[in-house]
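All chains, please: the whole structure from these sequences, using the hints.
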Amino acid sequence: MDKKEFRKQAHQMVDWMADYLETKDSFHVSPKINPGEIYHQIPEMAPEEGEDYDAIFKDFKDIILPGMTHWQHPSFFGYFPANNSEPSILAEMLTATLGAQCMSWITSPAATELEERVLEWMRDAKGICSTWKGVIQDTASTATLSAILAARERACSYSINENGYSGREKFRVYSSEHVHSSIDKALKISGIGQSNLVRIAVDKTYAMRPADLEKAIQEDIINGFTPLCVVSALGTTSSTAIDPIKRIGEICQMYNIWHHIDAAFAGTALFLPECQWMIEGHETADSYVFNPHKWMFTNFDCSVLYLKNPHFLVNTFSLTPEYLKSNMDAEVNNYRDWGIQLGRRFRALKLWFVLRSYGLIGIRAKLRHHLALAKTLIMEMEAHHDIEILAPVPLNTICFRYNPTSRYTLDELNYINEKWMNLVNQSGRVFFTHTKLEGKFAIRWVIGQTDVEDFHIKEAWNLLLHKLPDAKPYVKEK
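Okay, so the sequence shown: first residue is 77 according to my numbering, each after it adds one.
Some hints here could point you the wrong way.
With a Cα cut of at most 20 Å, we get these calculated SDA-like pairs of lysine to any residue [claimed, not checked]: (1) K209 with D405; (2) K137 with A176; (3) K108 with I118; (4) K137 with F103; (5) K246 with K209; (6) K534 with E458.
Computed spacing ranges between beta-carbons, pair by pair [claimed, not checked]: (7) E120 with Q85: 20 to 30 Å; (8) E456 with G504: 14 to 24 Å; (9) Y331 with P468: 21 to 31 Å; (10) P468 with G357: 15 to 25 Å; (11) I140 with R83: 16 to 26 Å; (12) E127 with P545: 18 to 28 Å; (13) N299 with L400: 37 to 47 Å.
Honestly, the hints are just simulated from the structure, not real lab data.
Glycine residues also receive a C-beta, built at the ideal position from the N, C-alpha and C atoms.
Have a look at this one:
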């Protein structure tokens, strides 16, 4: 493709992108296809000769697009959002055009220094300690793994990095019963072992019980284990429960344990001064992660890890072979030493575009709008005597189920609610996902899409009520 053709096709593609963003709520949220359907439409062999771009883009529209789940649809209420926005999309176009490898200052000075400044902006706006430093990672899974590896090396004075596991180390990591699966994966990869994740009981709000945490730590010390790290949840994945950060931090200080705060989704709420109570006491913690690619209108992938003492992270990962050395290294920050990957994308650019385009006032307005929509929906649910809200709603994730009084067993209720969710999803008009809370099947409704409005919530609620009678006959009423 020559530059003239590129210009022509780029203009046409931007027009298509703008049209998609304007009409995205006209698509089915999730596709109605069977496994293998897309795969078998793609030729078995790669083309020997280059193909016309018009044909390639036609196949994108005819083959790929019908098989996509539309995560930017305003009625995508499942999982947590992976929001984008027009400023973020434009920044991603520039990032792809520049094609920069941002592993160190010398490879892209502006990328490094923009990352430093943008992360300071967000740190200060969110009420995080002004001495903490940040780094952009791809996902919270990588950020959490990095923090646990840094905790491991701090605890063993970097001997495992140097010599490998001796078999004498018996580390323990602690989190609530509602821990995200990325913690399990981090323990697998770090060599600590999944069996050394101690799951602490939760209270009626699904937050970790500090007394149970301290008891588990004391028992492990007696049994010859080394308490390594506590992972607090500032918003669990199932229900966005908020662990008591301050009390957990005090326990970690008492026993010299690394304290990592997982705020992957809910951390964006800290832009709101009225939500900063959630992080009270964080100054005693060691690390904190949140994902702008969830609720901050910034394209996936973009996760931010803040650390009180980043030298533990840098000492864990730093390697400088001769071919990476430069005469600037003593004066600058080389982010290649702040994580697992050597190569790094220019992720700071989209954060800069989003922060400057919305401004903090605009971001706060969006977040407050989502929280207000959630409060209105809760009132609707509470007015319906057969709908049960299964967990407190500190932010905008509502866990609910159909539960008429004393008519069904737990298994029957779980069956009805799963069928109910599936029937609603099959309509293509909305998309929900689920969790289980104390064995109860809960439909999760997350209100955080960039363009979600009140009428999207009303339409989804009416659809749920309309489909409910179709779910109930699957279990014989008593």
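Exercise for the section: Enumerate the violated hints, using their earlier numbering and listing them in ascending order. Expected result: Structure breaks hints 2, 5, 12.
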